[in-house]
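Participant: Take a look at the letters that make up each chain.
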Amino acid sequence: MTADANFSAEAASGTDFLLSATDLHKTYGPTDALAGAGLGVRAGEVVALMGPSGAGKSTLLHCLAGIVRPDTGTVRYRGADLAGLSDRARSALRRTDFGFVFQFGQLVPELTCLENVALPLRLGGERGRAAAKRAREMLAELDLAEVAGKRPGEVSGGQGQRVAVARALVTGPRVVFADEPTGALDSLNGEQVMQMLTTAARERDTAVVLVTHEARVAAYSDREVIVRDGRTRELEATR
Amino acid sequence: MIRRWTDDLALGMRLALRGGGARTALVRLALTAVGVGLGVMVLLTATSLPHLLSARDDRGASRAFDETAAGDGVDPVYAVKRDDEYRGRGLTGYLVQPTGPRLPEAPGVARLPSPGEVVLSPALAGLLSSPEGELLRPRFSQRVIGTIGDAGLTGPNELFFYVGSDTTARQPDVVLVSRFGGEAHRRGLTPIELLLVLVGATTCLVPVFVFLVASTRLAAASRDRRLAALRLVGADSGQVRRIAAGEALLGSLTGLLIGAGLFLVVRMVVPAITVSAFGGGLFAADIVPDWPLAIPVLLALPVLACAAAVFALRLVVIEPLGVVRRGAAVRRKLGWRLLPAVVGGALLFAGYGSDDPLNNAAVIAGVVHILVAVPVLLPWLVERAAGVLRGGSPSWLLAVRRLQLDSATAARLVSGIAVVLAGSIALQGVYARAESDQPAPREAEVIVSYVTASTADAQALADTVRALPGQGERQVLVRGRVENEAGERASLLVGSCAELRADAGLVDCRDGEVYRGGRPGDYVPQAGERVWFEGVRRADPPQWTVPEVRTARTTGEDMAELLVTRGALATASSVTLTATAMIPAADAELVERVRNLVGWNGTVVSLGTGRDGTYNLITRVLSVGSVLVLLLAAGSLLIAAWEQLRERRRSLAVLTANGVGRGVLARSLLWQLAIPVAVAVMVAVPAGLGLDWLLLSGVAHRPMAVDVPAIGLLTATAAVAVLLVTAVTLPALWRTTRLEHLRAE
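So the protein lines, in turn, are chains A and B. Under our numbering, the first residue of the first sequence is numbered 746, with each subsequent residue one higher. Under our numbering, the first residue of the second sequence is numbered 7, with each subsequent residue one higher.
Chain A on its own, in the form it takes in the complex (with noise of 0.2 angstroms):
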């Protein structure tokens, strides 16, 4: 059972959402990747964006989280419009508010986990042993401390996935997003991913954007909305 979710503007003035998008459109060419969707994701709460391939998921999650700018429509992070944000603004808020989790981690293959890890404090102008001390405690917290000192590429893809988990949620980011965390990993690896993004995002009230295709990935979500031809619907059910 599905409602009709196309977020209203009305809805997205509304106090009460962190992070909110209405009537998003976004071309491709010839291809309509957001055709109207609409969303609003409150602080704490863990959002599934399910839907077939092609139907416009991960278009809608790097449009909330200002990668990628919508032709038409509104994103509103607290109530600015991110469309009015600089390139700069914008990349403050990657590295201070919202922290990222993508398939393949996204992580820097050049610098060990511990670095990775510290990296987006480095950028925000943090001492290196102060980001470095920041770093070892989130991956000790996450119980990944005995990865520190390795690179990427010589972690297993379930480490690294929790290492990027690590680094998104080390500045303390009000949202994290993640397009399909568990999309490269065996079933046994993917529970754990996501058993430590959202028991460490709700621990902190941090609010989770999760792109997936599986059933049993959005089963840790407070809610669901279903992604079809560029629109949003809401499951109705929501635990």
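Since the hints were derived computationally from the structure, they do not count as laboratory data. Since we're looking at a predicted model, the values are computed, not measured. Here a beta-carbon is modelled for each residue, glycine too, at the ideal position from N, C-alpha and C. Don't take every hint at face value.
[What the hints assert, rightly or not] Covered stretches of chain A (chain B as the covering partner; in silico rule of three or more C-beta atoms under 8 angstroms from a C-beta of chain B): (1) 887 to 895; (2) 932 to 943.
[As the list claims (entries may be wrong)] Computed far set for chain A versus chain B, every beta-carbon distance over 10 angstroms: (3) Asp761; (4) Asp768; (5) His770; (6) Arg787; (7) Gly789; (8) Gly799; (9) Asp816; (10) Arg840; (11) Pro865; (12) Arg881; (13) Gly917; (14) Glu925; (15) Glu948; (16) Arg949; (17) His958; (18) Asp967.
Please build the complex by placing chain B on the supplied structure of chain A, with the hints as guidance.
Facilitator: Only chain B this time, still in chain A's reference frame:
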């Protein structure tokens, strides 16, 4: 702000050490460092030239005769400069004759030699003690009392000497010296030498820069992925550019050190490779960069390398999701690309009429502009050339389509080769002109002059020369000059009646008489007039009272104002005469024997033999430099070919899986290299010839010279470079086309 920048640069430097895997990172780092290092070396050497020239001039000046200095507390020495040769190498030195015990100080010499003594330069001492110097030893039979130190030499290999001789005072051009050291005579480069240096340096530097750019592009795909990952975690676009610059900065700083090291190596080897050039080679101590010029240029190189890395990102948008290349579909514009060529041509034409190109900034800027125009024009030309090509065989089709997709990379790759070719063609033209400007060797090239103290001595020399094998019929002229109280001078031709008849066509002659020669109006001493022989101090009494001068009938050319029989000089207290003979230079051993026979009492001057050592050195260095730079350009080609294979390994593996033979891929690779190189040659040849014409006719005011075989050789070398690069790339191609590359990440 500053900390932010330094942090970003530092992060870039760390990534440079690790980027794309340790091996690739180190290769890229090494190549960038080598590129910058070569540039630094060339620039340091080039900026050392002004100091080098002035240091040599100063060294030469420090041992020059100061005829104006008063001899307070010093007993002056008679001194005369002597230039000699040994087997084509120049020997220079001073004959000295002390007038007292308090000798003036000469640079690098502990004590000036007295008659029978000699002081030698280390190189001359070494030559004399070697088997090669056997024929030279008779000229230096005196007792060696010391070695000349560096302060007294213009070069470490200079063959210089101070010979103590009691006949010095009687030598022509003798001077009385109380002090050594005078004004430096600045010997700049000749226009042709300057052009060789300018074109050579520019030809070396541009490919070095191209190599530098090529090296910064190595592993560009992995760098792009890395920068995108940084964007994802919050680096803004300015930060990623600084990080990219930081990656290039490490290589540049390493390159600065390598360049400094290479420059030190150059300083070390220069004395060894400049043995005969610049009159005895160059002292390493004189090769000192002009720091006010060198420091900005050196600092500019790392900045340039960083700028190249950042400039490479101009068509790339680095986004958190990856890298987007923009503007690929935009056709290149010709307009601004013609600008360097037009400006360069205009600047060179502006050099017209300038006789001092050393200070002519327009010429320097013009040469640089013309050579820079080549890589600037190439991308447009390669794009147009690739655009008009159509498909043929599968290998040709693959190559042409690849070039149409990305002609910029190909153009970049061959621009180094094009610049070397253009510069070398221009240089060959300047070489050819310089060569044709050399005087042609003559058959009778060696003039022997011998200063004698008596007519008997002169006769002895004449007899000895005639006694040499094949010299029996040689004319030996004995001449002299006399001067009266009023300073009027007359020349003498001295000989037996038979000799005067043969040499001057004297018809009636009797020994003991003097005959009038010369033209009406010439000064001729009168009978009873007392005269001095040239070179004799006027403080001494006159040496000869002229007897009656008879008018005689001569059938030959005017040889002298006075035709003097030997008997007429019998009453002279002493004489100073010069016996002159001309002998062929063909027999080098004979020439050396004549030199030994003459000793320091005479001179043996060779005309038109051998080539100037400086010219030889410049041409040799530039030839070697051209080959090295061509190798460097080929190296850029190789690096980029490897990189392209690495980036395209998946698509190449797909082609192989679909049944495309490796032979087809290999030929395709060959075409991909050969087509741009062919375009490069088509640009380089006219550019080089144009530069040659502009330099020779516009600046040096000489007719154009084209060395067609040399151009053919250079073009063939470029073709061979393509074949070699293809051959060396083949193993990488075989590895790349393995089917395991079909696997996804």
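Participant: Take the hints in turn and mark each one as holding or not.
Facilitator: Structure-based check of each hint:
1. With 0 residues bearing a CB less than 8 angstroms from a CB of chain B, the segment 887 to 895 of chain A misses the requirement of three and the coverage assertion fails.
2. Coverage of the segment 932 to 943 of chain A by chain B is violated. Counting CB-CB distances below 8 angstroms, 0 residues qualify, and the rule asks for three or more.
3. Distance check for A/Asp761 against chain B: the nearest CB is about 27 angstroms away, which clears 10 angstroms, and the non-interface claim stands.
4. With a cut of 10 angstroms on Cβ distances, A/Asp768 stays outside the contact zone with chain B, its closest approach being about 23 angstroms.
5. The non-interface label for A/His770 is consistent with chain B: the shortest C-beta to C-beta separation is roughly 19 angstroms, beyond 10 angstroms.
6. The non-interface label for A/Arg787 is consistent with chain B: the shortest C-beta to C-beta separation is roughly 24 angstroms, beyond 10 angstroms.
7. Distance check on A/Gly789: its Cβ is at least 22 angstroms (rounded) from any Cβ of chain B, clearing the 10 angstroms threshold; non-interface status holds.
8. The Cβ of A/Gly799 sits about 16 angstroms from the closest Cβ of chain B, beyond the 10 angstroms cut-off, so the non-interface label holds.
9. Every CB of chain B lies more than 10 angstroms from the CB of A/Asp816, the least distance being 16 angstroms, so the non-interface label holds.
10. With a minimum CB-CB distance of about 3 angstroms to chain B, A/Arg840 fails to clear the 10 angstroms threshold, and the non-interface call is violated.
11. Look at A/Pro865: its CB is around 5 angstroms from the nearest CB on chain B, not clear of 10 angstroms, so calling it non-interface is violated.
12. No beta-carbon of chain B is positioned within 10 angstroms of the beta-carbon of A/Arg881; the least distance is around 17 angstroms.
13. With a minimum CB-CB distance of about 13 angstroms to chain B, A/Gly917 clears the 10 angstroms threshold, and the non-interface call stands.
14. At roughly 13 angstroms from the closest C-beta of chain B, the C-beta of A/Glu925 stays outside 10 angstroms, upholding its exclusion from the interface.
15. The beta carbon of A/Glu948 sits about 22 angstroms from the closest Cβ of chain B, which is more than 10 angstroms, so the claim that it is off the interface holds.
16. No beta-carbon of chain B comes within 10 angstroms of the beta-carbon of A/Arg949; the shortest separation is about 18 angstroms.
17. Listed as outside the interface, A/His958 is consistent with that label: its C-beta sits roughly 18 angstroms from the nearest C-beta of chain B, beyond the 10 angstroms cut-off.
18. The Cβ of A/Asp967 lies farther than 10 angstroms from every Cβ of chain B, with a closest approach of about 25 angstroms, so its non-interface assignment holds.
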